[in-house]
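Enquirer: As a plain string of letters, each chain reads:
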Amino acid sequence: MTLSAPISALAPALALALALALALGAAAPAALAQSAAPAAPGVSTLDVNQLFATTCGWCHSEGGREAGKGPQLMNTKRSDDFIRHRIKYGKEGGMPAFGTTFNDADIDAIIRYIRALKPQQD
Amino acid sequence: MKRRTKGLAATVAFAAGALIAATPSLAQQIDTARIAAGDPNDWLTYHGSYNGYHYSGLDQINAGNVKDLDVAWIHVPGHSTRGLQSMPLVADGILYYSGSYSRVFALDGATGKLVWSYFPELNDALVARQTHSPYNRGLALGEGKVFVGTVDGRLIALDMKTGKPVWDTQLQDSEKLTVGFTGAPLYAKGSVVIGSQGGEWPNRGPIFAVDAATGKKKWEFLTVAGTEDAKKTWGNDSWRTGGGGGWMTGTYNSADNTVWWGTANPAPLYDWSGPDFMTKGARPGTNLYTTSVLGLDLDSGKLKFYHQELPHDAWDFDSAVGEFIMLDRDGKQLMVHPNKGGFIFVYDRADAKVENVWPIAQNINFVKTIDPKTGELIGRRDFGVGKVAEPLCPHISGGVSWNSGSYDPKTGLYYKLGQEWCMTLEVVKTTPVTEPQVQLNIGANFKIAKPPSGEIYGHLDARDPITGAKKWEVRYPEPPLASVLSTGGNLVFLPDTRGIVHAYDAETGKELWNHNDGLGHQGGIISYAAGGKQYVAVVAGFGGMASDDYAPTFGEPYKSMPRDEGVLVVYSLK
Numbered sequence: 001m002t003l004s005a006p007i008s009a010l011a012p013a014l015a016l017a018l019a020l021a022l023a024l025g026a027a028a029p030a031a032l033a034q035s036a037a038p039a040a041p042g043v044s045t046l047d048v049n050q051l052f053a054t055t056c057g058w059c060h061s062e063g064g065r066e067a068g069k070g071p072q073l074m075n076t077k078r079s080d081d082f083i084r085h086r087i088k089y090g091k092e093g094g095m096p097a098f099g100t101t102f103n104d105a106d107i108d109a110i111i112r113y114i115r116a117l118k119p120q121q122d
Numbered sequence: 001m002k003r004r005t006k007g008l009a010a011t012v013a014f015a016a017g018a019l020i021a022a023t024p025s026l027a028q029q030i031d032t033a034r035i036a037a038g039d040p041n042d043w044l045t046y047h048g049s050y051n052g053y054h055y056s057g058l059d060q061i062n063a064g065n066v067k068d069l070d071v072a073w074i075h076v077p078g079h080s081t082r083g084l085q086s087m088p089l090v091a092d093g094i095l096y097y098s099g100s101y102s103r104v105f106a107l108d109g110a111t112g113k114l115v116w117s118y119f120p121e122l123n124d125a126l127v128a129r130q131t132h133s134p135y136n137r138g139l140a141l142g143e144g145k146v147f148v149g150t151v152d153g154r155l156i157a158l159d160m161k162t163g164k165p166v167w168d169t170q171l172q173d174s175e176k177l178t179v180g181f182t183g184a185p186l187y188a189k190g191s192v193v194i195g196s197q198g199g200e201w202p203n204r205g206p207i208f209a210v211d212a213a214t215g216k217k218k219w220e221f222l223t224v225a226g227t228e229d230a231k232k233t234w235g236n237d238s239w240r241t242g243g244g245g246g247w248m249t250g251t252y253n254s255a256d257n258t259v260w261w262g263t264a265n266p267a268p269l270y271d272w273s274g275p276d277f278m279t280k281g282a283r284p285g286t287n288l289y290t291t292s293v294l295g296l297d298l299d300s301g302k303l304k305f306y307h308q309e310l311p312h313d314a315w316d317f318d319s320a321v322g323e324f325i326m327l328d329r330d331g332k333q334l335m336v337h338p339n340k341g342g343f344i345f346v347y348d349r350a351d352a353k354v355e356n357v358w359p360i361a362q363n364i365n366f367v368k369t370i371d372p373k374t375g376e377l378i379g380r381r382d383f384g385v386g387k388v389a390e391p392l393c394p395h396i397s398g399g400v401s402w403n404s405g406s407y408d409p410k411t412g413l414y415y416k417l418g419q420e421w422c423m424t425l426e427v428v429k430t431t432p433v434t435e436p437q438v439q440l441n442i443g444a445n446f447k448i449a450k451p452p453s454g455e456i457y458g459h460l461d462a463r464d465p466i467t468g469a470k471k472w473e474v475r476y477p478e479p480p481l482a483s484v485l486s487t488g489g490n491l492v493f494l495p496d497t498r499g500i501v502h503a504y505d506a507e508t509g510k511e512l513w514n515h516n517d518g519l520g521h522q523g524g525i526i527s528y529a530a531g532g533k534q535y536v537a538v539v540a541g542f543g544g545m546a547s548d549d550y551a552p553t554f555g556e557p558y559k560s561m562p563r564d565e566g567v568l569v570v571y572s573l574k
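Protein chains in written order, with our numbering: chain A, 1 to 122; chain B, 1 to 574.
Treat the hints as calculated values from the structure; they're not laboratory data.
Please note: incorrect hints may appear among the correct ones.
What the hints assert, rightly or not - Derived DEER-like restraints, expressed as beta-carbon distance ranges:
#, chain 1, residue 1, chain 2, residue 2, range
1, B, 560, A, 82, 48 to 54 angstroms
2, A, 50, B, 170, 29 to 35 angstroms
3, A, 82, B, 374, 20 to 26 angstroms
4, B, 353, A, 119, 48 to 54 angstroms
5, B, 507, A, 77, 45 to 51 angstroms
6, A, 82, B, 353, 52 to 58 angstroms
7, A, 75, B, 555, 16 to 22 angstroms
8, A, 119, B, 452, 23 to 29 angstroms
9, B, 560, A, 108, 48 to 54 angstroms
10, B, 385, A, 82, 45 to 51 angstroms
11, A, 119, B, 469, 45 to 51 angstroms
12, A, 49, B, 275, 54 to 60 angstroms
Note that this is a predicted model, so its numbers are computed, not measured.
Even glycine gets a Cβ: it sits at the ideal position worked out from N, Cα and C.
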């Protein structure tokens, strides 16, 4: 029974495939991993709606519209600086730190998403 | 979806034990035979013994005198971020347990006096990035060592007498993969087995075996596409980011040298394939060996047999619950295993052939049922993109928890918790993120919801483990999350989420005693003897993936309950 290569060995191939897909202007196929950190530091290509369904929504329910394990984000009274700091550095036992995952432009996009949150229409 | 080897007869002798030693046993090497023998004075492995009973044969504390049970001593480990979730172990009167950040303590079992402690230096920047962290669910003992995993991907062996590190092996590139180890290792016959976190983390969820003497890796089994046959069950190369893992502790059947281990779910948790999941969606196919029970050869890691409990799991109802109970009945040698979806699977111990399946949760609608003869899912719900009209039951925290029930060989009853809750769900198409570090891949927005039958609740059931026939039930307004302990004293102990430890009559379910530990429970409870006296040890301390939902859902006492505290409370008769 042959075991396959460890995941670390796959990373270069994935990165290459992703770069090719982006260079061709194509959306990355579902089976290919995407990068959360774009090459240019001042640019964000983050799909924040998808980000909540991928990562944030485990704690911030309904795309951030309702409280879950974490607080409700819609209509938050927290300042942009507070939110930016919390995303970057996290909070022990609560919020993970995303400072090495997202650049400043990504975090600005997340803040814009939070500020634009409205109740969902059924 | 099953593969079997030639039937190997599995025989595990049940080491019955209702004795209590008047004097402490002489310290002796902890080996496979000693763990299998299951001396009730000790608690040598996560599940008590390899038989997985979570049962102590001690009867000094019993239904007649449990009213006199009181706190003997406590221990505060400190820095208990997300509470305490571990299962203490005891050997020769010394209690060993772990807390958050894989802190390990050895304490005198009679007094709580510190023998030694060990605080590993962790990759703090990585820990800060993790979601399912920094809790630790327990240790393994063997060959004069204490084994503990870390959230930054290491397995460490400590000298049992001094707490000094003997070896420290980096098994995973957690810096890249983000996840590491939170589950307790399993020691058997010179090997230490440990499974990675995973599930919604787009990796391939390995299970490792390490040489107990040297720390050198013996083998690694990838729960996602770990064989060429399995790779074919992942369309569009989705195995590259498939999830999987084995984050709780399995067991070992010495009769055929087989490690039984439950595996985690595939990623994303929720697929948008709809009913055409074999050809469409994020991961077309059955997605072997996720949400499966594996039989691995201890020495080689070679897959001997498996049963995939939920082919193409689209609900995060994985098989990673580590509880495997070995029972013999009517000439059959069986293995009982709970699935997070709220079903209890009963297998032939030789090859994981399904012998029965019965539900312990009442509110289940991800399938209509599971065929008790074949294990086939009947009437499964597979979602497309968008809002799911009828709430999904059970909730993502499961119809059963990762913590363990208890089997009492005297009553023949299995004491197991069921959880009644559901969730709203909106499935969203996602793309797995692996750069610069791997990120969660859920694939939905969701929120906890009441079940159609009314309020959320939990229940402790006393059932026949093979047929599921129920003898009694106790209900709780909030689902308890901790492990259950039964003892030779005709007692069942259940630590609840409000902080109360309950003791029930094992035959009737009548409550005989309770005590408030001051913090919610979500970890282990054991019994042992030291100096000829019986003790019950339980960890208290709330916080984590399931319990963090309690404050917004139930309010007090959870809103004001700390989620960064923990205490080990040890009881004995006054």
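Enquirer: The structure should be examined with respect to each hint, and the outcome stated for every one.
Expert: These are the hints, each one checked on the structure:
no.	hint	result
1	B:560 / A:82: 48 to 54 angstroms	violated, 23 angstroms
2	A:50 / B:170: 29 to 35 angstroms	holds, 33 angstroms
3	A:82 / B:374: 20 to 26 angstroms	violated, 55 angstroms
4	B:353 / A:119: 48 to 54 angstroms	holds, 51 angstroms
5	B:507 / A:77: 45 to 51 angstroms	violated, 56 angstroms
6	A:82 / B:353: 52 to 58 angstroms	holds, 57 angstroms
7	A:75 / B:555: 16 to 22 angstroms	holds, 21 angstroms
8	A:119 / B:452: 23 to 29 angstroms	holds, 25 angstroms
9	B:560 / A:108: 48 to 54 angstroms	violated, 35 angstroms
10	B:385 / A:82: 45 to 51 angstroms	violated, 33 angstroms
11	A:119 / B:469: 45 to 51 angstroms	holds, 47 angstroms
12	A:49 / B:275: 54 to 60 angstroms	violated, 26 angstroms
Violated hints for the displayed structure, listed by number in ascending order: 1, 3, 5, 9, 10, 12.
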